Amino acid sequence: MTTKINISINGFPVKIEKGKTILEAAKEEGITIPTLCYHKDLCVAGNCRVCVVEVAGQRRLSAACATPCDEGMEILTNSLKVRNSRKHIIELLLAEHNADCTKCYRNGNCELQELASEYKIMTQDFIELVPLKTYSIDMYSPSIIKDDSKCIRCQRCVRTCAELQGVNALTVAHKGNKMKITTFFEKHMRDVVCTNCGQCVNHCPTGALVEKNYIEEVWEAIANPNKHVVVQTAPAVRVGLGEELGLEPGTRVTGKMVAALKRLGFDSVLDTDFTADLTIVEEGTELLTRLKRALVDKDETVSLPMATSCSPGWIKYIEHMFPEYLDNLSTCKSPQQMFGALAKTYYAKARNIEPDKIVSVSIMPCTAKKFEAFRPEMHDSGYRDVDYVLTTRELAILIKQAGLDFDKIEPVKYDRLMGDSTGAGVIFGATGGVMEAALRTAYEIITGREVPFKNLNIEPVRGMEGVREATIKIENPVKEWAFLDGVELKCAVAHGLVNAKKVMEAIKSGKANYHFIEFMACPGGCLGGGGQPIPTNAEIRQRRAEAIYAEDRDLPIRKSHENPEVIKLYKDFLIEPLGAKSHHLLHTKYTKRNRY
Amino acid sequence: MDSIQSLIKSLANEYGRKRESLLPIMQAVVDREKFLSEYSMVEIAREIDVPAAEVFGTATFYSFIETKPTGRYIIRICKTITCAMKGKNQVLFAIQDMLKIKLGETTPDKRFSLLETNCLGWCHKAPAMLINNEIYTELTPEKIREILTNYMKKNGEN
Amino acid sequence: MTNSHQLKRVDFIFRNENDWEKVLSSTLKRKPAELINELISSELKGRGGAGFPTGLKWKLTSEEKSEEKTIICNADEGEPGTFKDREILSKVPCKVLTAMAVCGHVIGAKKGFIYLRGEYKYLEPELKKAIDEFEYYCKEIDFDFSISIFMGSGAYICGEETALLESMEGRRGEPRNKPPFPSQHGYLGKPTVVNNVETLVHAFTIFKYGAKKFYDLGVQYSRGTKLFSVSGDTPKPGIYELELGMSLQDFVYEFGDGDTKAVQVGGASGFLVPRKKFKDAAIGFKGKLTGISLPTGGSMMLFNSSRSMFNVLDNYLEFFSEESCGQCTPCRVGCQQLLLGIKAVKRGDKPAVYLDKLMRLTETMQLTAKCGLGQSVANSFSSIVENFREEMIY
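Chains as they are written, first to last, in my numbering: chain A, 1 to 596; chain B, 1 to 158; chain C, 1 to 394.
Extracted from the complex, chain A is given alone in its bound form (with noise of 0.2 Å):
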């Protein structure tokens, strides 16, 4: 039972519920206040003072995103006091701010430029800052660049790496003129525990935090006659591409991707989701191998729980902080990574293509991908395995630079060979998919029989919960299996890397007693990756998770070891999985680093 309160907004009476805020009643009665330091998926600050509004009585304004409406409260949102003042804080921002529009990375998608934009802020009386201070920009990683004199201080990607990763590696430093958002000691993004997962480029309103890109790479590669320029995309790139696009959130566009894909000159198009199926048979392979090890071998060296190790985000944060538990990793690369090292050796060969000739591109929701790409072990191939990385960002961009009217381009399939895909590698892209996914596989190796959830949903790993736990009893397997019966399969999903946290140290504590966890670094998993449309929220990951299993529930084939490709991949090429081939293609080993 809620209770109202009446307040009036603008001079109308309107009634809401106690403990709304100014900003969040005003959005109710179609008022929108604009906000900076304010994101849905954050802690309110109250540090920009932008949504300021007026409230009878008071003589000072009120920040709308941090103050509670209270019975009886008039408020103006719009009076000729808010917008003074308001116009004085947007033009003291662009003061402060390399208002550099023309240049600038996020040019047309900023929410400063937004703003002096609705308030016509046409001139320029304040002093600008930026030339009198050094500012440097960080490009050592292979991920994200820093530039700190986009910087607004409104310190959301400081609370987002704190808050929704758990992370730290940003952070505000030093008072009044001399305040910034810095990591460490001021050290380079690439020095410090930053996971390059991206969130806080996904919540910067400006231009101050974004991926590194690699458009001109890709273009450059795609004209080049002599190279053959494969592109891989994956699962929840497909759910989010229209976004950018000018599409609703949750629009499924795979066809329409595919197809602009090759308009840009792709030589062949193919899917991510090719390798999430053959990680499946890999890492499903891998946890029966651990679990009979540890049951029937009674070895203790065997590290349980096992833990996904799709996420480059969430390797990387592992490796910082729980660099103990590197052996729970499962040593599956990521989907991306098996596809570049496949690109190179199987495509290569079936396609009779020398693979010095293959550039190897994927598209990922993701800025982790690209550190990832970079790994100096990502050469099995005996190449790079992986030579470009592109956001779901980066490549609305292509698809722009192209002049393409994606309205209009017809749906296309994937190329064949390593194009086959599964409704299990589709939900990859959410959280909760992989671990469904790999049930799917393994209880149907252990048993012969499908896992017993309608329709293949295996609801209790699904959802936005940032932890979720679900047991699966193992019932009459096959006789191969049978020192499996009874046994309780404990998994566990977490996404955001906070949640990550909370799950490894109840690990840590001995308090938790899983088998298997699925690890996503990003909120809602790689739909709501560090490379995805901005802005994401909480409402639109649920869109696009929608989409995710909408495009599962279409598929004819929805599990990974009937995906014919990955059936054929294993008798012409890897033989079997955990094999010795599948070993050095597939496979990877980690490092330890700092925490501190």
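Hints were generated in silico from the structure; no laboratory data involved.
Taking lysine-lysine pairs in the DSBU-like style, the calculated list, with each CA pair at most 35 Å apart, reads:
(1) B:Lys68 <-> C:Lys343
(2) B:Lys102 <-> A:Lys178
(3) A:Lys133 <-> C:Lys346
(4) C:Lys91 <-> C:Lys59
(5) B:Lys18 <-> C:Lys59
(6) C:Lys357 <-> A:Lys81
(7) A:Lys227 <-> A:Lys349
(8) C:Lys346 <-> A:Lys87
(9) C:Lys346 <-> A:Lys120
(10) C:Lys190 <-> A:Lys180
(11) A:Lys180 <-> B:Lys34
(12) C:Lys129 <-> B:Lys110
(13) A:Lys133 <-> C:Lys357
(14) C:Lys350 <-> C:Lys261
(15) B:Lys102 <-> C:Lys236
(16) A:Lys501 <-> C:Lys190
(17) A:Lys20 <-> B:Lys18
(18) A:Lys18 <-> C:Lys59
(19) A:Lys178 <-> C:Lys346
(20) B:Lys18 <-> A:Lys501
(21) B:Lys110 <-> C:Lys128
(22) B:Lys34 <-> B:Lys125
(23) B:Lys34 <-> B:Lys100
(24) A:Lys120 <-> C:Lys178
(25) C:Lys346 <-> A:Lys81
(26) C:Lys190 <-> A:Lys15
(27) B:Lys34 <-> A:Lys187
(28) A:Lys568 <-> A:Lys581
(29) A:Lys559 <-> A:Lys571
(30) C:Lys190 <-> A:Lys27
(31) B:Lys143 <-> A:Lys178
(32) A:Lys592 <-> B:Lys18
(33) C:Lys128 <-> B:Lys18
(34) A:Lys87 <-> C:Lys178
(35) C:Lys128 <-> B:Lys68
(36) C:Lys178 <-> A:Lys180
(37) A:Lys40 <-> A:Lys212
(38) B:Lys34 <-> C:Lys129
(39) A:Lys20 <-> A:Lys502
(40) A:Lys40 <-> C:Lys65
Computed from a prediction, not measured in an experiment: that's the story for all the values here.
We have chain A already, so just place chains B and C on it with the hints.
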């Protein structure tokens, strides 16, 4: 375990391994080392389990927590209004002249660092300065020479 | 305002009768509600500068339900021109400690802190001794209360009570959003009273002599006495306890050097009053007397005609630019703009009318800054620029 590590460990034991202890621990390290090094910050972060970036962010907020190496005696001369009116600049010149360093610098023998600071709360006896935690007021160039000469005579101790 | 109001020296604060033990033990025997009423009827207002009624603050905190509560003595005296709290803590610390303990009794706190600015570290050893003695006595009379010193480290903004709380919690001293106020959500989320050093000493006086004795001093809305830190161009710089409500004219008559051009009342965050307005200005909380009433944390800085008001303002603005916590836009960028702006006008890089734009900016800062620091920069800026415009330009 080196001396910094054991210092920080004992401080954490004394103040408790919690966020509220961060400032007292940093202050105690600064008291002894005169500044908070990158290494000290990492050790504090580890000891009380606070992200290193937050230790840095918190440390740099406070003017009296130096994060760059300083001399054994940190001279902080007040630059706020009354001291400025009452001859702070002459005092500053006298110090610079005597120590042959400028504001923000440390003498080559690592004995003195010279900094400005905001109001020290001795406006009625301006100009004022701190040397470490000692206060000196109603300064004149003559007085400065006397005070600094005494410090120069000090050997080893604080 | 007539000129008949004489400057009245009073001697409550530093008069040390060494009777704090007696005051403490007798006051602790009284009921919290009774003590709150005593404070409320004294009309004591916070002496840090903001002037919130002390009795009400204690009352609100006492009404909160919580196992743990805290009383914090704010000794982060950083306002330029203020140095009274240092004197109180070095001369009569036990009066402060006694009032803290009484507050503990009233609100239900067993723990007190003194947040002592880093610049006053030399006070720590003596203060610790006083606390030891005090705690020993508390034990003797079986009163469960302890006090710790929490050292600041050079940050003016930590005098703002929520910034102070952040600092004590091991964070950057950035003011919090209000509401909630410390009385509900203070140190570590628990109900907390934060009182200025001098406020607590006055509370001691009130508990010792009764509210009436305090109330009878001063004028309407500004009851009691106040410690003034007098500095600048004056033959008698120092600390003086005076009744509130005095006219600035009388003050200058007493403390001026015969050539007083202006007085800065309330430090850099207060107002500058030019000679022509001395007779209209009274020292006290808004409320009001005739003419201008000027609240102050006690800082009284006198400037004679040899002083350039441009230099004075420049000094203040540099202070604020550095000491702003930097989190909110109007204060962080505003202070820098004001500082650069007046320099640009002085140099001739900006026209004189740019001062008007800056005046409007200070209005915005006053309306929109998150805390008192950013809000009060307007006070000195507008009072200096309005009254000494020509000095800003030529």
